[in-house]
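Generate coordinates for the entire structure from the input sequences, incorporating the hints supplied.
Residue numbers (full-length UniProt numbering), protein chains in the order written: chain H, 1 to 133; chain F, 1 to 211.
Derived from the structure by calculation, the hints contain no laboratory data.
As the structure is a computational prediction, the values presented were derived from the model and not from experiment.
Please note that a few of the clues may not be correct.
Unchecked claim - Covered stretches of chain F, going by a simulated chain H footprint (3 or more residues, C-beta under 8 Å):
1) 17 to 28
2) 188 to 198
Said to hold, decoys possible - Restraint ranges, calculated between C-beta atoms of paired labels, are given here:
3) H:G64 <-> F:A19: 31 to 37 Å
4) F:G146 <-> H:A63: 56 to 62 Å
5) H:E126 <-> F:G145: 51 to 57 Å
6) H:G22 <-> F:S4: 45 to 51 Å
7) F:A102 <-> H:A18: 47 to 53 Å
The beta carbon of each residue, even a glycine, is placed where N, CA and C say it ideally should be.
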Amino acid sequence: MTEGLGLVGIVLVSHSEALAEGAADLVRQIAGGATVVPAGGAPDGGLGTSPDKIEAAIEDADAGSGVVLIPDLGSAVLSARSVLADLAGETTAQLVDAPFVEGAVAAAVAAGTGADLPAVIAAAEEARDAAKF
Amino acid sequence: MDTSAFRAWVHESARLITAEAEELTRLDAAIGDGDHGINLRRGFQAADEMLDKAEAETPGAVLQTVGRALISKTGGASGPLYGTAFRQAGKSLADATEVDVARLGSSLEAAFNGIQQLGAAHEGDKTMLDALGPAVTAYQVAAEGGADLVGATRAAAEAAERGLQETVPMLARKGRASYLGERTIGHQDPGAASTVLILRALATVAAGEAT
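The following block contains the structure:
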């Protein structure tokens, strides 16, 4: 447990606003308690990614214990990296290479138990090896 | 090159990208997700407009403003990539008010390094680096051989064009195109194509020929 601080936050970065929001709904339902913030879609709401939305989502998700960013594909990774490079030193947010849905669920479940940032990152990464059935 | 020349570079880049947006999108539709021209036109137009309102008083400030606009407004992978390139180039110019041949060469190199670091790509992966890499090298060779800004930027633009042609037989290893594997062979890389336009704009402005 981290003392005196909130839970690790989760940011879901997707090319689609609907995908990010839908995944966040699903994850909150499964892993109640964790803070899951969607950052989906281009600046104009179309398909794409928006560093401004990602930055705002990090701020919303940050309760003092760090933030995990889970990207869907391609430019989600680049957009997230450019935001993190900008915030260097001002945030503990970290980009994690994990499957979008399973990684988000695993991270949120871990975060909901009060796990610290390295443990939440590990949970998201381990989701890659979990068989679906 | 002074601050107004750098502003002219951005303006000319926006003009060329707007004019070629359909062609860039056509290239991207062949091997990517078909939004490169649309995204980049939106990004560069936003950058050009933001620059009209911004007080950027040094070449470095101009490039950093452009970088922020591209990152914020583009919407695709090219936004963070070109945005980082312009910001790193801008940072390397610090507070200089006049940029000479050598200084511009280091800023182009900073742009290359910024893209390479963010995208974790290498020359030969069929990306914008395949145009920018040869351009930076040709620029530096020309500059070391005594070329002025006109000659060095022309050498860079020509090398970028050759680099673009060389992306045709390459196999894409980055981005959406990498999912297509060998089907990417035989097509120009759209990112390399837009890099050619930006460097052509630079050469045009350096030669004092911008419209």
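Hints, verified against the model:
no. : hint                          : result
1   : 17 to 28                      : violated (count 0)
2   : 188 to 198                    : violated (count 0)
3   : H:G64 <-> F:A19: 31 to 37 Å   : violated (49 Å)
4   : F:G146 <-> H:A63: 56 to 62 Å  : holds (59 Å)
5   : H:E126 <-> F:G145: 51 to 57 Å : holds (55 Å)
6   : H:G22 <-> F:S4: 45 to 51 Å    : holds (48 Å)
7   : F:A102 <-> H:A18: 47 to 53 Å  : holds (50 Å)
Going through the hint list in order, the structure does not satisfy hints 1, 2, 3.
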